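Q: The chain contents come next:
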Amino acid sequence: GNSVTQMEGPVTLSEEAFLTINCTYTATGYPSLFWYVQYPGEGLQLLLKATKADDKGSNKGFEATYRKETTSFHLEKGSVQVSDSAVYFCALDGGTSYGKLTFGQGTILTVHP
Amino acid sequence: DVKVTQSSRYLVKRTGEKVFLECVQDMDHENMFWYRQDPGLGLRLIYFSYDVKMKEKGDIPEGYSVSREKKERFSLILESASTNQTSMYLCASSTSGQETQYFGPGTRLLVL
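So the sequence lines, in the order shown, correspond to chains E and U. Each number in my numbering comes from the position in the first sequence (counting from 1) with 1 added on. Each number in my numbering comes from the position in the second sequence (counting from 1) with 91 added on.
Just so you know, these hints were derived from the structure itself, not from any lab. Note that the structure is a prediction, hence the values are computed from the model and not measured. Note that the Cβ used here is the ideal one computed from N, Cα and C, for glycine as well. There may be inaccurate statements among the hints.
What the hints assert, rightly or not - According to the in silico footprint, chain E covers these stretches of chain U (three or more CB under 8 angstroms from chain E):
1) 139 to 151
2) 177 to 190
As the list claims (entries may be wrong) - The following label-pair restraints were derived from C-beta to C-beta distances:
3) E:52 with U:196: 26 to 34 angstroms
4) U:156 with E:114: 42 to 50 angstroms
5) U:109 with E:18: 44 to 52 angstroms
6) U:189 with E:69: 17 to 25 angstroms
7) U:103 with E:68: 41 to 49 angstroms
8) U:143 with E:23: 39 to 47 angstroms
9) E:84 with U:143: 34 to 42 angstroms
10) U:135 with E:83: 27 to 35 angstroms
11) U:154 with E:4: 18 to 26 angstroms
Please take these sequences and the hints and turn them into a complete structure.
A: Spelled out as structure tokens, the structure:
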């Protein structure tokens, strides 16, 4: 079946540091890949997505590239801010019925001033 | 903007009680989902619905049931709450043919 594995957290960075959160997946076929973010006290919201190999999703300074050869979708940001502190979830849609998503375990990011 | 609302942000119940969690979306979405979120486990799908009165089991349906009598409303029911159902419950919705799910703010349930 489908599965998503994220790097263990929590991740703690200073403001303006470079961020990478690793995500690898297992799926049959050609899944779409997503990063969702959950700010404190809120539900999840879509951060970015990519629907086919070599696509790059980007939003709010975050980027992730769909790498089919390494089955990865790592999240990066060149300079994090305190306001980026949140939980980040990698997810995939394996193309099964009704848009069901499979989520990774989430990575807590804390950014200090 | 899509809005998904959940009936309670925090809920405290006793073991054995019947618990109803309500979710309402205002964008005429066909698909609705219930997840539970636990530290280190991410989000796990409990049930989903693709149309009124239609429901499908997710990955962890045991101990839960759902109801979808109207398109905009999807209810999660804990028939007899147990302490291992203490968790954060998240509702989401999406429209057919679109993969993006829109989430509510969550209900944090404590079962004593």
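Q: Give a verdict on every hint.
A: Quick rundown of the hints versus the structure:
Note: the stretch 139 to 151 of chain U has 4 residues with beta-carbon separation from chain E under 8 angstroms; the three-residue rule is met and the coverage holds. Look at the stretch 177 to 190 of chain U against chain E: 6 of its residues bring a Cβ nearer than 8 angstroms to a Cβ of that chain, three or more, so the hint holds. Between residue 52 of chain E and residue 196 of chain U the C-beta distance comes to about 27 angstroms, which sits within the given range of 26 to 34 angstroms. The beta-carbon spacing between residue 156 of chain U and residue 114 of chain E, approximately 47 angstroms, falls within the hinted interval of 42 to 50 angstroms.
The hinted window of 44 to 52 angstroms between residue 109 of chain U and residue 18 of chain E holds, with their beta carbons roughly 48 angstroms apart. In this structure, residue 189 of chain U and residue 69 of chain E meet the distance hint of 17 to 25 angstroms, their C-beta atoms being roughly 23 angstroms apart. In this structure the supplied range 41 to 49 angstroms holds for residue 103 of chain U paired with residue 68 of chain E, their Cβ-Cβ distance being about 45 angstroms. For the pair residue 143 of chain U and residue 23 of chain E, the supplied restraint of 39 to 47 angstroms holds, since their beta-carbon distance comes to about 41 angstroms.
A beta carbon spacing of about 40 angstroms between residue 84 of chain E and residue 143 of chain U agrees with the range 34 to 42 angstroms that was offered as a hint. Between residue 135 of chain U and residue 83 of chain E the C-beta distance comes to about 30 angstroms, which sits within the given range of 27 to 35 angstroms. Here the CB-CB span from residue 154 of chain U to residue 4 of chain E is close to 23 angstroms, well matched to the stated 18 to 26 angstroms.
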